[in-house]
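With the hints as extra help, turn the sequences into a complete structure.
So you can see what is in the structure, the chains are spelled out below.
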Amino acid sequence: MHIGATTDSRSYRRAVAAGRARMASAGRRPWIGAATVLGLAILWYVLTTATGAVSPARFPRPADVWSAALQLTLRGYAGGTLWLQIWYSSRLVLLGFLVAAATGVPLGLLMGMSRRAEALINPAFLLIRPIPPLAWIPLAIVWFGLGDAAKIFVIWFAAFVPALINTYTGVRTLDRTLIAAARVHGASERQILTEVMIPGALPLIFTGLRLSLQASWTTLVAAELVGAFFGLGRVLIIAAQDIYPGMIAFAMALVAILGALMTGCLGLLERWAVPWRRT
Amino acid sequence: MGRSMSQISFQSVSRVFRRGSEEILAVADVSLEVADREFVAIVGPSGCGKTTLLRMAAGLDFPSSGSVLVGAREVAEPGPDRAVVFQQFALFPWKTVRENIGFGLKCRGVPAAQRNAAVDRYIEMMGLQGHENAYPHQLSGGMQQRVAIARSYALEPEVLLMDEPFGALDAQTRIEMQEELIRLARVNPRTVLFITHAVEEAVYLADRVAVMTRRPGRLAEIIDVAPVRRAEAWEERPIEEVMDLGSFTHLRTRIWKMLRDEREAKAEAPRVTPLQRRKAGP
Amino acid sequence: MGGAVAADVTAAQGARPARGRRRGAPGVVELGLLSLGGFAAFFGLWFVVARSGVVPARFLPAPGVVAATFFHLTHDPFAGYTLQQHLLSSIGRFLMGFALAAAAGVPLGLLMGWFRWLDDVVSPVFEGFRFIAPIAWVPFAALWFGTGIGGPILIIFSGAFPPCVINAQRGARLIEPHLIEAARSLGAGHCRMFAEVLVPGALPSIVAGLRISAGLAWQSLVGAELIVVSSGVGYLMVQGQSNLATPIVMSGMIAIGIVGFLIDVALRAAEARIRRGWAGA
Ligand SMILES: Nc1ncnc2c1ncn2[C@@H]1O[C@H](COP(=O)(O)OP(=O)(O)OP(=O)(O)O)[C@@H](O)[C@H]1O
Ligand SMILES: [Mg+2]
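Protein chains in written order, with the numbering used here: chain A, 1 to 279; chain B, 1001 to 1282; chain C, 2001 to 2281.
No lab work stands behind these hints, which were simulated from the structure alone.
A couple of the hints might just be wrong.
Not the full set, but computed from the structure, chain B residues with beta-carbon under 8 Å of chain C [to be verified]: (1) A1058; (2) G1079; (3) P1080; (4) A1083; (5) V1084; (6) C1107; (7) R1108; (8) Q1114; (9) M1243; (10) F1248; (11) W1256.
For glycine and all other residues, C-beta sits at the position ideal for the given N, C-alpha and C.
See below:
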């Protein structure tokens, strides 16, 4: 496949002119992205502040977001300052996620290794799986109230499923000849598990964990929106009640940034744990 | 070969690829003329730039210096006057045999009735009757390549560019396809640029065989087969018989030797700057 | 958030390797019995725990009670409507949000796959927005649309849009380059290239994206209905929750699960059909 770099300028220009945009697969051109973001920022400023085409009551001005950021950081909002709210949300996400990983991954391994375990566990799993995690929120509130337990319970449901499915698939799609090879070399069943199956399934396990973490975060925000005492979801819903667009936008940005950070951290962990897979 | 007569003309064509910070001279100063209705085969070591040459004639790639002319016009983009047959067939998996063959005509805006007639003609010519409505994956490799060739012929192009069209076929099918192509070339002569690894195939099919050096690819020599072919009436004979003829084996062996010398040159003199290594031109 | 990566799960689920039967491997009958046992254990455990009084019936009603409530809800209105009416209004919102996301996302993705510069322009913004959990749009949904239909649709859209874009883009990008070159040298212009090469070539990926998208849309819908509307299954559940009526909450969950399952089955069938159509496998 000759879709490599065609960078010498004449042919490059001709290729692009001919609509072969894909020929220039020399990688992303980040400056274009930066320019877009800058352009949007300017557009935002022009629409809300310079011309007032968009009412600040419906869409915040840059200055509103800034003052909301200051308020949340310095004086606090919706019952706490920025750090407290972040701490509350991330703590719950991590707790829920860890519980889910600690149950989902082993169960997935078990189901992947043993047909019998799979047959036994699958029915319950099939019954529960179509129910979206967010639909557990009302039940969780009935069962556990508005505190931490309800949140962890819901996050567990959200994060458990991807962790389990991917672990299971990782084990099942493992190259059978690898296991045979290990057996031929005299590995015990236990060694096969720890030396072949787990490392072999690790890339997919991490895929599952990444999905789990993202599901945890989405679900937590939803749960906090429905009812909580602290947390970013709580900030969002109070800001909505106060009709405070600047704070809404700031809290949304926080949700996005924290989500991205968590996924990034897990990515680092993955690079460390699965050094042989470079993506 | 008069310049006014030539259909495809490479004029001092070079092509440099950039891979990271490295510059790769894939084709170095190639000049080659293919006359109207002539069948020219290009052979050469792997990676010597054969595909690159063909892609430049097709308008899918462009020279870094020099120019490529087809029908006296500089090639600027791909077009239906130069049909390409790819090694990987490149049939649309979501179209039936009939739709694949008719695609080029449809692009050209040929009305359905006329298009169907043309498609039928090529289906018959390539022996694809009964498979008109099959999808490519339901065909054997040989049949798929027949569809690809029919798709190109259906355009009635001035020029056919074929990049190792039989490379993916088994030996038996390959021979059948070679005979098929000779038959087709008699009924329906076209200007053909044909790339292959198989020296015998080149000698059997081509009027002239251009032998390329290893990278950076230049023309080592061009061997005229047409006079022998005509004198011994190869086209009237079955392929096995032709391949046994003294003249045939002589030509084949000569080209083999050239290619082997190329390989050995590689082993002996690994790093010579490209420009000093000018070999005999055509 | 979660669109692209959700693709991983389904890709993984799709890969079901044939596995030779080893010595001592369980037979079909044994596995079938175990599966039945699994079902029995699920409901049995539920029943026993509910009946034993370990957990008050107020919190964990027995399966029979939930089934009766479910049936009851289908002809006795709760929170203003019967269960079917709630479901219908949920499905209506779902369809609108999902259709909007598909109609905007698929063409955008295809164009991004084809025109590199568009990809360069859109991607950074898109990536940024993708990390906003759909449900975090709730405040703006409320601010901009009040209790109108626009609010839930905005939320559903933000859940369903990313997979549509990503899969269409990836599908277009991954089309065999030779096919595109072939089409170009056969004389296909931009329009024909789109209609006859890009769209069919990317179709399997697009449909896979639509399936993921529908799942996320349905899930975001539930989230939206918990907060911003006054009808729909989500609303029914919230009302059940504030009345501490666990059977009603559970009935809502079951209804949501069934509809979600059916949506998934339908799109899976469409996907399999397209794959079988011309890809041969
Ligand atoms: N798009 C590209 N980017 C970078 N290098 C390229 C590109 N296309 C071709 N090359 C390089 O140019 C050289 C010639 O390639 P080309 O495909 O023309 O060889 P070829 O003679 O057709 O080989 P083969 O017989 O194996 O098909 C090779 O070394 C290849 O690595
Ligand atoms: Mg080649």
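Consistency of the hints with the structure:
Because the smallest distance between the Cβ of A1058/B and any Cβ of chain C comes to about 6 Å, under 8 Å, the interface hint for this residue holds. At a threshold of 8 Å, the smallest CB-CB gap from G1079/B to chain C is about 6 Å, leaving the interface hint in force. With a least beta-carbon distance of about 4 Å to chain C, the hint placing P1080/B at the interface is held under the 8 Å criterion. Evaluation of the A1083/B hint against chain C yields a held restraint, the C-beta minimum of about 7 Å falling below 8 Å.
Interface hint status for V1084/B: upheld, as the beta-carbon distance to the closest one in chain C is roughly 5 Å, under 8 Å. For the restraint placing C1107/B at the interface with chain C, the shortest Cβ-Cβ distance is roughly 4 Å, inside the 8 Å limit, so the hint holds. For R1108/B, the interface hint holds, the least distance from its beta-carbon to any beta-carbon of chain C being 6 Å, beneath 8 Å. Annotation: Q1114/B was flagged as interfacial toward chain C, and the flag is violated, the nearest CB pair being 16 Å apart, outside 8 Å.
At a threshold of 8 Å, the smallest CB-CB gap from M1243/B to chain C is about 31 Å, leaving the interface hint violated. Residue-level restraint check for F1248/B is violated (minimum Cβ-Cβ distance to chain C is 33 Å; threshold 8 Å). A cut of 8 Å between beta carbons decides the hint on W1256/B: the least distance to chain C is about 30 Å, and the hint is violated.
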